[in-house]
Structures are given as C-alpha cells and as structure tokens.
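S.K.: Chains as they are written, first to last, in the numbering used here: chain R, 1 to 193; chain D, 1 to 239.
If you are wondering where the hints come from, they were derived from the structure by calculation, not from laboratory data. Bear in mind that the values here come from a model prediction, so they are computed numbers and not experimental data. Among the clues, some could well be false.
[To be verified] DSS-like, lysine-lysine: derived pairs with alpha carbons at most 30 Å apart:
id: 1; chain 1: D; residue 1: K71; chain 2: D; residue 2: K53
id: 2; chain 1: D; residue 1: K71; chain 2: D; residue 2: K58
id: 3; chain 1: R; residue 1: K30; chain 2: D; residue 2: K58
id: 4; chain 1: D; residue 1: K71; chain 2: R; residue 2: K189
id: 5; chain 1: R; residue 1: K57; chain 2: D; residue 2: K71
id: 6; chain 1: R; residue 1: K57; chain 2: D; residue 2: K64
id: 7; chain 1: R; residue 1: K130; chain 2: R; residue 2: K57
id: 8; chain 1: D; residue 1: K64; chain 2: R; residue 2: K30
id: 9; chain 1: D; residue 1: K53; chain 2: D; residue 2: K64
id: 10; chain 1: R; residue 1: K57; chain 2: D; residue 2: K58
id: 11; chain 1: R; residue 1: K189; chain 2: R; residue 2: K130
id: 12; chain 1: D; residue 1: K71; chain 2: R; residue 2: K30
Take a look at the letters that make up each chain.
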Amino acid sequence: MFHLFLPIAGIVIALALFFVYVQPTFQEVKLIEAETAQYREAVGHAAELERRINELKSRQSSIALSDLERLEAFLPDRVDDVALLMDLSALASEHGLTFGNLNEAQDGADLPAEDPEEFGAFDDEASAAKPYTPHDVTFAVSGSYAGFRSFLADLERSLMLAEVMSITFTESEGDALSFNMRVRFYSLKQPGT
Amino acid sequence: MADTPKTSFIPKQSMGAAPGGAPRKRHFNILNFAGMVVFLCGMILTVGVFFYKDLSEKDLASEKQALASVKGSFSTGDIESLRRLDGRLAASQTLLDGHLSPSAVFDLLEERTQGDVRFTQFVYRRRESGSAEVALNGTTFRFNTVALQSRQFADAPAFATTVFTDVSIGEDGLVNFTVTSEANTGALRYVAPASAQPLEAETATSTATTTTETLDETLSDLDDLDALLSDTEDLNEGL
Chain R
1 MFHLFLPIAG IVIALALFFV YVQPTFQEVK LIEAETAQYR EAVGHAAELE RRINELKSRQ
61 SSIALSDLER LEAFLPDRVD DVALLMDLSA LASEHGLTFG NLNEAQDGAD LPAEDPEEFG
121 AFDDEASAAK PYTPHDVTFA VSGSYAGFRS FLADLERSLM LAEVMSITFT ESEGDALSFN
181 MRVRFYSLKQ PGT
Chain D
1 MADTPKTSFI PKQSMGAAPG GAPRKRHFNI LNFAGMVVFL CGMILTVGVF FYKDLSEKDL
61 ASEKQALASV KGSFSTGDIE SLRRLDGRLA ASQTLLDGHL SPSAVFDLLE ERTQGDVRFT
121 QFVYRRRESG SAEVALNGTT FRFNTVALQS RQFADAPAFA TTVFTDVSIG EDGLVNFTVT
181 SEANTGALRY VAPASAQPLE AETATSTATT TTETLDETLS DLDDLDALLS DTEDLNEGL
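This is chain D alone, in the form it adopts within the complex:
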C-alpha cells in the first residue's frame, strides 16, 4: 500500500481498486463475435477475389502475348509451302501409280502376232476408271490362224481377257476378225528404266518416282502437322 498515491480532498480510496470492491463482469456476446467473424470473412474474401481477378487477368494477357509471339515466329507462307509440297507429292504418287505404258501392248503384238496375220486397225483406250482396252481388226488366210492367234493372246500377260468376234470371210477371200481385249493394267504399268547416269528425258519419270519416295518419307509428318495446325487454328478462331 506504500505505492498508493495519497489524495487530499477526494474520498479516501485507492485509484487501483474497483468501485464497490468487486471486478466488473465481462459478457461474451456470441452475436458480436459471429458478426465480426462474418464481416472479416467477407472483407477477406472481397480483397482476395479482387487480387485473384487481377492475377488471372495478368495471366491471360501474358498467355495472349505468348501466343502472338509464337505465331509471329512462323509465317503462314511456310506452312502453305509445305502443304503444297505435300499435296504435290501425294498427287504425283497417285498419278505415278496409275501411269500405264501402252508400248507394252505393241511389244506384245510384235512378239505374238502370227506371221500371216495382218492387223488393219488398232484402238487403245483408257477408261476413266483407270482400266484400258485394246481392239484390233485383223485379216488372215485361214481360220486355223485365227485359232492360233487366239491362243497366243490368251496367255499374254498384258491381256486379261481376249475375245475374238466377227470372224468371217470377206469378198477377197481373206478371213476377217475382231479382237477385243481387256488390258491387264498391272502388266502395262510403267516401269522406270534402271540406269546409272540416265539422260533427263529418259528418266524424268523415274526421277520423279525417286523424288516422291524420298520426299514422301521425309515429309510423312505433315499429316500430323496439319492436324496440329487445324487444332491451333480452331482454338484461335474460337478465342
């Protein structure tokens, strides 16, 4: 009690002591507490969402910039050029696969025509479907020769089916006949000549074959590239 200040005319009572002698009772108000918690949560959420939005917007801007930057690093001209080359390769390969050599028909006729057979008309026609037919009008002295000629053509590799029709004796006493043959396109398929140092004109097709094979292998990834490009373009358009 030595530390208690002394007063002179105010009632004699220590300043540290509570009036009435007993400490005041503090009430815990649940509503106050809940209100404060809810309010603080609301404020924290508000501030958090504000900054979160700001961060997201910055992130989006950054991705947009990254896309523009990557897109600027390659030109559509490069892609078009590669696509064009790919298209040329594919088309060339298709055309080469269907390229026929009618010379093989003449080779066959030269090899297998009977000595006393004379052909008076020759027609070679390629159908739009890719198949081909050969029609010939011929004359000879005897029916037997026609039969022999028929056998010669029957097993000719360049002819898939051969039909002899219109066999008749003409006014001049010669036997006339017509041959219609469905060409075997497999046997007529063009085969590039194999030569070490060929002339340009003679090996153009073979060079094209080699080139297409090489390039086709080299650029086989272009299909994937197209898919990738398509995906990217879709996304860009969508955005």
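Okay, chain R solo, but in the shape it has when bound:
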C-alpha cells in the first residue's frame, strides 16, 4: 500500500502546483506581456514622434524669423485695442482723413448692424468652430474721396489682416465725405478655448 503513496502524492502535488501556482501565474504573465507589448508600441510611437519633431523643428528653424514675425502680426494671439485705435487713426491722418466714432465689439452685439442676422452679430456656433476670433471695429473717417480710396487700399494691404465688412457713405455738401466703416480684425484662438 505504501508503494502507491509516493506516485499518488507526486501526482497530487504536481496537480496542486499547476492549479495553485502555474496556471494563475501564467495568466498573470500573459497580462504582463500584453502590457509590455503596449509599452513597446508606445515607445515606437514616441521614438517616431521624437524623430518627426526634430525634423519639423529643423525645418521650422530654416524659415526666416522675419517671416514668422510677419505671420504672427498677420494673425496675432490677441488684438491690442489701443494699438489698433492708434494705427487706424495714424493711417487715416496719413491720408488726410479725420478719424472718429470708434466702436468696438467682439461679439457684434452692440454694432449698428443693418441686418443683424446677415450682416451683424457673429454666429456663435460657427464662430466657435473656427480657429480664430473676430474683432469688429466700427468707425468713421471724414475727408476726400481720393483720401478715402488710398486709406482703403492701405487697409486692405495691412500687415494685420483687416477685413472690410461694411462701408456706407452719402453725398454731402462740399468735398468732405463721412465714410462709416466696419472692419473685422482677427486673433488666433488660444489653445483650449
């Protein structure tokens, strides 16, 4: 009877080891391997990302700084209202025009729009989807037609993009005309906004 005990005990111990240690540990190892594979993939992506970033950075550094500065001026991070006012006023006076009646509105709500739905207030949903924020400025410039034409031409070519949204003027006695304008400037939206 005793000679049966050893082989049976061996089998029992082997089975116990298998079910108590080997199988659960093997499952655990499989999970570790899956996690390792994910990390390996992430390392691959990160290495590729690093390579691409370095490549792009070297390309970026090959672009003239002045061009990048101009691009930033074209679409700035924020619109400086005071500087804008001064620039517009200076530009108007450069062309012999009198600058006045300034009115700023970021949401277009308080603009004297002729038809708010079509020409005035921004469409919030459409605006939210865009990567830039519009800043509308209404003002009037008074002076000669020729002065206004050259003022308008310079405004269209402005380093900071100025989109003329409306121009209204009527005939008047004498040479001086009063031109009411609404001009839209843009700033690049900040990340996360």
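Fit chain D to the known structure of chain R by using the hints.
M.R.: Relative to chain R, chain D alone:
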C-alpha cells in the same frame, strides 16, 4: 573462483551469488513511473513559470524605462509650439482665401459710371457667409441713362447680379434709382501686388501669403504628427 574470498565459519557460500541461486525479478510499476513523470513535469513547469514571470516583469520595466526616456527627450512645449504654428498657418490661409478688396468696387464704379449719373449713397456690406452686396442710390437726367447704366453694370466682372429698382422722377425732375448688386467675390478677391522689393505696409498680406505657403508646405507633416501624438497619448493614458 580463485577471486572468491574464503570465509571460515559462515556458511560456505560465495558473496557474489544471489541467495537461492537465481537473480531477483525487478517489477516495472507504471504508476510509479507516471507519478514521477507528472511530479517532475509539475516541478519543471513551476520553476519555468517562475523564471518566465521574472523575465516578463524585467522586460516590462525595461520598456517603461525606455518610454520615459524617449518622452523625456522632447518637451510638450515643442509640440505645442509646432501645433500653434500649424494652427496659425491654417487659419491665415483660410482668412487670406476669403480676403476681399472692396477697392475693386470703387474701381468699377469709376470706370463704368455714366457721365451724367450721380450716386448719392453707397453701401457695401459683407455677409457672414462671405458673400457681399453693394447698394447704390443714384440720380440722372434721363431714363435712357438709367438703361445705359444698367447695361454697364450688367457685364461688370465685380457684380454677379445687378437689379435696378425704384426708378422714379423726383420733385426736382431728376430720375432717381436704386441699384442693388450681388458682388462677385471671385472678382473682389484680394490680389497681392507683385513687386521685387516692396514696402512693408504695401506687401504685408503678400508676405503673409508667401509665408503661409512656404510654412504650409514645410509643416505639411503636422497632421501625421498629430495623429501619431494622439496615438501615443492614448496609449500612455490607457496604461
């Protein structure tokens, strides 16, 4: 038999020979064998799995370290900076594509207005959709002039459709009329002046155009980069 040791008082029998003269029969026990095999297999599996787990854990630790090392080699600031530039380029391009020059409307009016027509009011309005309209109030001496003016505007490239309305004779005997025209945004699109060494103020937009084109081409890979970054971030978050 010369090698067989001699004994003195123990029964005379050779030590090399089996008692009884015949060799004992060895039994092959299948149960013993199976038990031993199963036990050994169990032990080998146990030891193997132990070391395998250890190896896997070391492998995982090594990959984690590699990821941390690669991640540490670039800053998120670099990525943000590139993303920002890419966003600025794309937005600038969109804005430039929609940039209109209302000066073209005045050029057209100067070219095509009849000599005896006088405009008393001018309205240019840009819609949120990007289109634009021009409305004018005018006066002249004769109805014929209104008809001629209508023909002049009909084939004007800057005007897509032109409608003359409210044609009437005023108290002063002049013919009053209203012109409403849908601007042809294609014809009003801003065109940067071509010049070799332009002044900054005059060529800002053209420079921006050139810059965006150059940078856009240069950084065209950023879309792929974003996808790659997104994948990596997803993985990092998932882990």
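S.K.: Hint by hint, where does the structure go against what was stated? Just the numbers, ascending.
M.R.: Violated hint (a single one): 10; every other hint is consistent with the structure.
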